[in-house]
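Participant: Following the hints, complete the assembly by docking chain B onto the known chain A.
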Amino acid sequence: MTQRLADTLVASIPYAQILGIEAKLKDGELILNLPFLKSNIGNPTLPALHGGVIGGFMEVCAMAELRRLSPDLPFSKPIGVNIDYLRRGKPVATFARATIFKKGSRVANVRVRAWQETPETPIAALSGHFLLPETK
Amino acid sequence: MTDFVEKLWEIGPALVQGTPHAKKIGMRFVAVDKGLATLSLPYNPALIGDPRSRVIAGGAVTTLLDQACGLAAIAGFDGFGQIATLSLRIDYQRSANPGETVIAEAVCYKTTRHVAFIRAVAHDGDADDPVATAQACFILTGPLYKLPSDAPEDADKKAPQKTAGKS
Numbered sequence: 328m329t330q331r332l333a334d335t336l337v338a339s340i341p342y343a344q345i346l347g348i349e350a351k352l353k354d355g356e357l358i359l360n361l362p363f364l365k366s367n368i369g370n371p372t373l374p375a376l377h378g379g380v381i382g383g384f385m386e387v388c389a390m391a392e393l394r395r396l397s398p399d400l401p402f403s404k405p406i407g408v409n410i411d412y413l414r415r416g417k418p419v420a421t422f423a424r425a426t427i428f429k430k431g432s433r434v435a436n437v438r439v440r441a442w443q444e445t446p447e448t449p450i451a452a453l454s455g456h457f458l459l460p461e462t463k
Numbered sequence: 234m235t236d237f238v239e240k241l242w243e244i245g246p247a248l249v250q251g252t253p254h255a256k257k258i259g260m261r262f263v264a265v266d267k268g269l270a271t272l273s274l275p276y277n278p279a280l281i282g283d284p285r286s287r288v289i290a291g292g293a294v295t296t297l298l299d300q301a302c303g304l305a306a307i308a309g310f311d312g313f314g315q316i317a318t319l320s321l322r323i324d325y326q327r328s329a330n331p332g333e334t335v336i337a338e339a340v341c342y343k344t345t346r347h348v349a350f351i352r353a354v355a356h357d358g359d360a361d362d363p364v365a366t367a368q369a370c371f372i373l374t375g376p377l378y379k380l381p382s383d384a385p386e387d388a389d390k391k392a393p394q395k396t397a398g399k400s
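Protein chains in written order, with my numbering: chain A, 328 to 463; chain B, 234 to 400.
Each hint should be verified, as a subset may be incorrect.
Listed below are the simulated PhoX-like cross-link pairs for lysine-lysine, each with C-alpha atoms no more than 20 angstroms apart in a straight line [said to hold, decoys possible]:
1. A/LYS429 with A/LYS404
2. B/LYS267 with B/LYS379
3. B/LYS240 with B/LYS267
4. A/LYS417 with B/LYS240
5. A/LYS404 with A/LYS430
6. A/LYS365 with B/LYS257
7. B/LYS256 with A/LYS365
8. B/LYS240 with B/LYS379
9. A/LYS417 with A/LYS365
Quick caveat, the hints were computed from the structure, so don't treat them as lab data.
Isolated chain A, as found in the complex:
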């Protein structure tokens, strides 16, 4: 995958655009960036990012990672996801990286980590099963 393909991938998803998601390829790894936007706030008093935004961001990250394997096929569909919220999402940039834990012929298990300062201090984690597109 090239940086241009990564950009096209994110630009093709309206939901990724409304969250402001950007894709960066670094040393062959796909890292998604969620720049801070006021419209992503869930709690204006703290302030903190919306839990749904962090969850949705990690879902997009998992689906983008799976899309890398088969760029010409439709997107995978989430079957079930578990999201753990570990720290408050501060009003700063957030990053996410997905790892395909196990890939079968129909289903893939994917783990995503989201962080702000360093990957070692995650703010949230997602693990989920995704239905892979049929290869025909």
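Facilitator: Chain B in isolation, oriented as in the chain A frame:
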């Protein structure tokens, strides 16, 4: 209906509109009761997750369920307080139909002093044919403020006794 639930009905729409991201994606307040909350998300092309099918992103449904679960948690605590999502489990039964409003109904079935346990279902008209189901835990991150009218009657009597014990 407690005064707190009445108050929630009053401020429910403002609570949703006052959440910047909920407002951004067009979420709406529908109903609230003790431990119950219903919100809706009208179809919005800006939320599409798969351009080929025009189905809204799983993340948008996640956000709707998270918000509904949060409101049900507040309704379950029966008082105002800052809350945060601890965990959220979502199972996607089917794609939401493009063009349809998604409705999320959340039930807070148990609260402890600090934690609320919630189940929720998202559907697009028929609750027996869900788009997704969710299970969530929320934690109270600060003090809980109950309306004076809803406080148990003996709470006032106990308070002076404590003061007397201290002095």
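Participant: Does A/LYS404 pair with A/LYS430 here, judged by a C-alpha cut-off of 20 angstroms?
Facilitator: Distance ~14 angstroms between A/LYS404 and A/LYS430 Cα, so the pair holds.
Participant: B/LYS240 and B/LYS267: Cα distance at most 20 angstroms?
Facilitator: holds (11 angstroms)
Participant: Decide if the proposed pair is consistent with the structure: A/LYS429 and A/LYS404, CA atoms, cutoff 20 angstroms inclusive.
Facilitator: It holds: about 16 angstroms lies between the C-alpha atoms, which stays within 20 angstroms.
Participant: Take the C-alpha atoms of B/LYS240 and B/LYS379, compute the straight-line distance between them, and say whether it is at most 20 angstroms.
Facilitator: holds (11 angstroms)
Participant: Holds or violated: are the alpha carbons of A/LYS417 and A/LYS365 at most 20 angstroms from each other?
Facilitator: holds (11 angstroms)
Participant: Please verify whether B/LYS256 and A/LYS365 have alpha carbons no more than 20 angstroms apart.
Facilitator: holds (11 angstroms)
Participant: Between B/LYS267 and B/LYS379, does the CA-CA distance stay at or below 20 angstroms?
Facilitator: With a Cα-Cα distance of about 13 angstroms, the restraint between B/LYS267 and B/LYS379 holds, given a limit of 20 angstroms.
Participant: When you check the alpha-carbon spacing of A/LYS365 and B/LYS257, does it fall within 20 angstroms?
Facilitator: Holds, at roughly 10 angstroms.
Participant: Is the straight-line distance between the alpha-carbon of A/LYS417 and that of B/LYS240 20 angstroms or less?
Facilitator: violated (30 angstroms)
The structure fails hint 4 only (numbered hints given earlier).
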